[in-house]
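This is what each chain is made of:
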Amino acid sequence: MAERRDARRGRTAVVVSLASAAFALTGYLWWGNHELPPTPLAEFEAPFVFGRFNVPADNPLTVEAVQLGRRLFYDPRLSGTNALSCATCHVQALAFTDGKRTAIGASGRPLDFNSMSLTNLLWGPQRFFWNGRAASLEAQALQPIEHPDEMDQDLDALLAELETDAQYVVLFERAYGEISQTAVARALASFERTLVSANSKYDQYLRGETKLTAEEEHGRKLFMAHPDIKVSLRGGNCIDCHSQFLTSGFSTAYDGFSNNGLDAEEELGEGLQVTTGDPAHRGMFKVPTLRNVELTAPYMHDGRFATLEEVLAHYDHGIKPSRTLSPLIAEADNRVKGVDQDISLHLTVTEQRDIIAFLRTLTDRDFVANPAFANPFVVSTP
Amino acid sequence: MNGRTKVALGVAALLAVVLALLWYRDVSRPGSLTLEFRARSDGGPLVLNEFAYDNPGGAGRVKVRDFQFFVSNVRLGGAAGQFVEPDSYHLLRFDNAERAFTIQLTGVPRLEYDYLEFLVGVDADANASIRAVGDLDPNGRMAWNWEVGYKFVLFEGGLLVDDVQIPLVYHVGFDASARRVRFDLGTLFADAPDERRMFDVDVMRLFDGETPIDMQALSNVKFDRDDARRIASNFSRLIEYMPPAS
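Residue numbers (the numbering used here), protein chains in the order written: chain G, 1 to 382; chain P, 1 to 246.
If you're looking for bench data, these hints aren't it; they were derived computationally from the structure. Be aware that a few hints might be false.
Think about it this way: if two alpha-carbon atoms lie no more than 30 angstroms apart in a straight line, the pair counts; the simulated DSS-like pairs of lysine-lysine are [stated by the list, open to error]:
1) P:Lys63 - G:Lys337
2) G:Lys211 - G:Lys201
3) G:Lys320 - G:Lys221
4) G:Lys230 - G:Lys100
5) G:Lys320 - P:Lys63
6) G:Lys320 - G:Lys230
7) P:Lys6 - G:Lys230
Looking at chain G on its own, in the form it has when it is part of the complex (with noise of 0.2 angstroms):
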């Protein structure tokens, strides 16, 4: 009796070791093979046509910090006189732009640069200003906030204005669970991310939804290429530098940052060198979005056109020489070249004025009249 039970003690203890020496194994196998899947984003769409778009992993994209980063930006307090907010600079009538030849901020000097729309900041370049100095929204939304001549608000000022306020109390716990600098430009860069604008008539178009005028079309068709003579094909060369979706600049590496021909090379300002130290760099602006152009005029890092025509005839015949001008510009030509090797696209009126038609479809009303963008403290009246 003793003898078998023990046989059977013995047999239970090598099955039960082999068992659990197999699981093992097999955790071990298992866990050399796989990662863990990332964490999918609720809630949020963007049209296939724009593409990937990454949110940082620490600032993840949540219902409770665009609620709070969106009353931010529309508050006067984050401002040292508590008399401007982002949305001061950035208006939604006007795709968050302010319609000044370049901003005035808090000290009433006219900054150096034209106030930026902010729209699909998801996609494009991941640099943000025109000189791609900030290498995230989070390391844009504090600095206009401190910068003298725009808010002008020391930021532990206004992190003690903030703790006194009960309801920004309960906003930032429920979204970040503390009230601090971090907190703060991570709320304004998730509002930030959610100004997707994806309803223009082009938007339509792509989708199938409505067709283009035949003037439309043919700015559509010439924005869509490089010119080439050889093959007869005329083009505006837009989609050079302005994607075809997204009408940005590119998102990979410095792709984004073009030097368009505004300046010759004695007045050719620093841009995109400020940031990388690169003579090469030198004069290249970031390519910014056409989406909504047509309610974002002034147009150019410095405002100085005030019009489309004024750009299209800037490309046209308007480019200045430098020596980091875009070859795309330089070598881009409806007609043959001349010796003198002339910079001019050659294109006719009816050509400008189509391509300032299709930049017209780029207009989304919707997102202007987003209701999800709005200004929070205002209370619709009927």
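Start from chain G and add chain P according to the hints.
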């Protein structure tokens, strides 16, 4: 046999199984193959933004400002089996300090392969699609537009002849331009599961084929199919395998 002996035997058997499985896991563990591409011209690392190179078929000095190209459908093949990299679209660029770009193939079964093969360019299916796979991006710099597809090779720069600067623009695409290239890498994974192999990429070879190209006479290539074919005929010379010194 008493109970204690049986337990001891059980433990010994268990150890044997564990060791066997560990050994098996090691030999069956897939390998990784790193392909390192280094941009070199004229015997040194690629020089960007300077008039550093001779015009292969004519007068003047050439400045390379931007150079990028697609490599796609990377696979290892041979009698023993093959490995096909999934979503295999790589945009090679060299505007970094090392002038290098690496492609890492992981999960490669450690078999005997006869060759490494890939396409300089993009295959016809992907070229006709706006799906963002691998490095393909319809909103990217290499996209012409959705009706035309991708540039496979992009070279932008300038040519300085008699103090005049001529812009150089070579955007070479179209399905017919893609070239399949093959390299014999010798035995892989003999000693270790992780291997690295080196390749030299010489951008100037695009213009220095059987008949050297005068970059002044052909200062841009875009949509003209004959011109595209002239450059594409040199795609297979662009990349050279540099076997490890033995």
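Here's how the hints hold up against the structure:
no. : hint                : in the structure
1   : P:Lys63 - G:Lys337  : 20 angstroms, holds
2   : G:Lys211 - G:Lys201 : 9 angstroms, holds
3   : G:Lys320 - G:Lys221 : 26 angstroms, holds
4   : G:Lys230 - G:Lys100 : 43 angstroms, violated
5   : G:Lys320 - P:Lys63  : 20 angstroms, holds
6   : G:Lys320 - G:Lys230 : 25 angstroms, holds
7   : P:Lys6 - G:Lys230   : 88 angstroms, violated
Violation of the numbered hints given earlier is confined to hints 4 and 7; the remaining hints are satisfied by the structure.
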